[in-house]
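**Q** Quick note on numbering: the sequence shown equals residues 0 to 170 in numbering that gives the first Met the number 0.
Since the hints were derived computationally from the structure, they do not count as laboratory data.
For glycine and all other residues, C-beta sits at the position ideal for the given N, C-alpha and C.
You may find that some hints are simply not true.
Said to hold, decoys possible - Below are the SDA-like pairs computed for lysine to any residue, each with C-alpha atoms no more than 20 angstroms apart in a straight line: (1) LYS71 with ASP118; (2) LYS99 with TYR164; (3) LYS46 with PRO29.
Unchecked claim - Each pair of labels, with its calculated beta carbon distance range: (4) MET36 with GLU69: 38 to 46 angstroms; (5) ARG78 with PRO31: 28 to 36 angstroms; (6) GLU122 with SER55: 20 to 28 angstroms; (7) LEU148 with SER70: 14 to 22 angstroms.
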Amino acid sequence: MRKSLQMVFGSLSALFVLTAAYEVFACTPPPPPPPWMTTAQIDAEWKQRILDSQISDWSSAATIFIARVESKGTVALGRGSRGRRAVLAPVLQIKGPDVKHRIRIQHTGFLCGANPALDALDENADGYFMVYAFDEETTANSVFTTTALDRLVDPNVLEAWRSAYDKQQAH
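Taking the hints into account, I'd like the entire structure generated from these sequences.
**A** As structure tokens, this is what we get:
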């Protein structure tokens, strides 16, 4: 019995250490860029990363729509941490089937800051956001990205936005 308890506590201790190590590693900031990189090169690399990320978001999403932040609030995350929540009201369908219901998104955890990191959950967030969801039956759990409209650079989503807007205006 004593040996079993020691094994259980040993396993739990190891799990705690591994979890703590993961959290520390995950929260470690990356090193600065190499000294030979110019500011223009750093800016170009950053813009390319944003573009690549948005192109990947477009490809991964089954449903994309523009939504307005209708209401905002806070949620408890545990360990005394607080996160934010927002209710998104769809206003323009971009890709996939029409989303006709409001969606409540919220932070669900805390690792190097509140997660998931969605633009619409930023404390200063207001207005409209492009919402990306993995599933055609869109729920809060399937939303994986919300991007402020003024941060969009992906030509696919910009063209689809123009097309959806023109189509809506024609009706």
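**Q** Now tell me, hint by hint, if it's right for this structure.
**A** Going through the hints against the structure:
no.	hint	in the structure
1	LYS71 with ASP118	holds (13 angstroms)
2	LYS99 with TYR164	holds (17 angstroms)
3	LYS46 with PRO29	holds (17 angstroms)
4	MET36 with GLU69: 38 to 46 angstroms	holds (43 angstroms)
5	ARG78 with PRO31: 28 to 36 angstroms	holds (31 angstroms)
6	GLU122 with SER55: 20 to 28 angstroms	holds (26 angstroms)
7	LEU148 with SER70: 14 to 22 angstroms	holds (19 angstroms)
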